[in-house]
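Engineer: Listed here are the chains, written in short residue letters.
There are 2 protein chains.
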Amino acid sequence: MDNIVDIKEQIRERTEAVERILRAYLPDDKVLSSDVVRAMNYSVNAGGKRLRPMLMSETYKLFGGNKTVIEPFMAAIEMIHTYSLVHDDLPAMDNDEYRRGKKTTWAQYGEAVAILAGDGLLNYAFETALKAFSCEGADVQRVAGALSILADKAGINGMIGGQDADIAAEHSDKALTLSQLLYIHEHKTAALIQASMMIGAVLAGADDRAVSVIERAAYEIGIAFQIQDDILDVTSTFEELGKPIGSDEKNNKVTYVTLKGIDEASREQKELSNHAIGLLEAFGEQGFHNAFLTDLVKSLITRLK
Amino acid sequence: MDNIVDIKEQIRERTEAVERILRAYLPDDKVLSSDVVRAMNYSVNAGGKRLRPMLMSETYKLFGGNKTVIEPFMAAIEMIHTYSLVHDDLPAMDNDEYRRGKKTTWAQYGEAVAILAGDGLLNYAFETALKAFSCEGADVQRVAGALSILADKAGINGMIGGQDADIAAEHSDKALTLSQLLYIHEHKTAALIQASMMIGAVLAGADDRAVSVIERAAYEIGIAFQIQDDILDVTSTFEELGKPIGSDEKNNKVTYVTLKGIDEASREQKELSNHAIGLLEAFGEQGFHNAFLTDLVKSLITRLK
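One line per chain: the protein sequences are A and P, in this order. Count the first sequence with the working numbering and you get residues 1 to 305, in order. Count the second sequence with the working numbering and you get residues 1 to 305, in order.
What you were told as hints is all true, and nothing was included just to trick you.
Copies of one chain are not kept apart here, so a pair can be met inside one copy or by any two copies together.
Within a straight-line C-alpha distance of at most 25 Å, the following computed DMTMM-like cross-link-like pairs (lysine to aspartate or glutamate) qualify: (1) K30 <-> D173; (2) K174 <-> D29; (3) K131 <-> D207; (4) K30 <-> E170; (5) K131 <-> D152; (6) K67 <-> E19; (7) K174 <-> E111; (8) K30 <-> E186; (9) K30 <-> D152; (10) K174 <-> D94; (11) K298 <-> E264; (12) K61 <-> E285; (13) K61 <-> E281; (14) K298 <-> E281.
Honestly, the hints are just simulated from the structure, not real lab data.
One chain only, chain A, in its complex shape (with noise of 0.2 Å):
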């Protein structure tokens, strides 16, 4: 019990530590006053959990990172990852008006704002990205590197692949199949999950090998945290979640608990969970240790919303 208060007060602590940074490299809507930019503020200050930006973090350090190099990527990751939601959410998109018990931004601003303040997030997120080749200490190759796995991660090989499966599939009059089901959790959950822990991983100095295992690790977790979402949406009610539940069941929406169960899904999530838990704690044999990120990983599968 202890240690469950305690995880919660250290995730608490590590998320202020990250909305720090966000404010820090936002772009300040009293220099350039306008509703695209007040929108993009809006967007990203309307909350979260910032769980991309604290792996990021926590496998930097896990590795032994301990410059502000990591900062402008933190801040990018979690731009990128609202900017994704702010056109999911448009109307010719999910059409949602509420996220996280606030206004989603194109029901703040109009849609054509929530446009211009989605590509402006995404844009921004490299403007910001590429500061940190001012960053002291910065070691050009491995800001290159890290630059180019966001790029990947984010585009049509990862996130908007898994957009543009997800729409793809919705179009369709063919039931998912659980492969298909996979490739969309891989590519738009997973895919800036992996971004993250890899870009720790890489601006740290950890070799191809090492990166390459955070990779596997990074989409296990992705695939156990995206499970969670589908079992939340069954289990939760709308005060802990902020959104409707059931609305999966209602879309007609197959998910995992859908074509597994509750029990099957609940139980390959702990396996994927642990799974990943154990390749992280194998770099310990090699002196690398974090034991917030394993317990991070673990709060992920046990979390109410």
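Given chain A, put chain P in place with the hints provided.
Structural biologist: Frame of chain A; chain P shown alone:
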């Protein structure tokens, strides 16, 4: 007359060279077969003057550049220009169904795919430009500098800032002033032309002072180019332009022509263009020459589409 025929032929040849580079860098929709990737290719292949990559390549040559490192950036700038058109044409933005005589991306593929195709092109632009790091003989500092210019001029301080101001103007009940119109043109149109020419200069190793002169010349070329667009909307035909003419008047749109009259607009446009040409020709004193580049700039204000 011979000179006019000659410049047209030279532009045609160079346009084909740009098309070849674009084809080499666009994603292969046979390898990654999906509507979004097809829509990305459709949008870029719908034609266009390829002015931005051409200005980039010719500015690169002006300062003695002769390596392949320019090519990923040429493809990237055209992808960014194209994504901005794809999103601009959306029903929630300008609601245009035709561009260059072809269906716009959303009219052909639907809104959701068009939103993702625009996102995909913006992301792929950075993915592509980052490939410059692995081009033969690439100077890492110059590539990093060129990436920063690309991100800055495409973002909220550049092109997106211009679109933002354009939308705000449309939603305002006050008539647009000349300085507001110039702000929109500077950001929405000139910024990407500045990025193109500045990146050419930076990658060729031009010094900061030269890059700053290029930024100024590109601003003038961009504004002159935009005024010509406004003039053509009044003087051209549907056949020549590939889109409805007189649309500015129909939409009660304030343009350089409505504010200043066609004769004054035309005079100022020539003045801007000639001044830019003067700046470019002055580099001759330092041994930097590119006769085609100045001919190309001259041709922009005599163009009929």
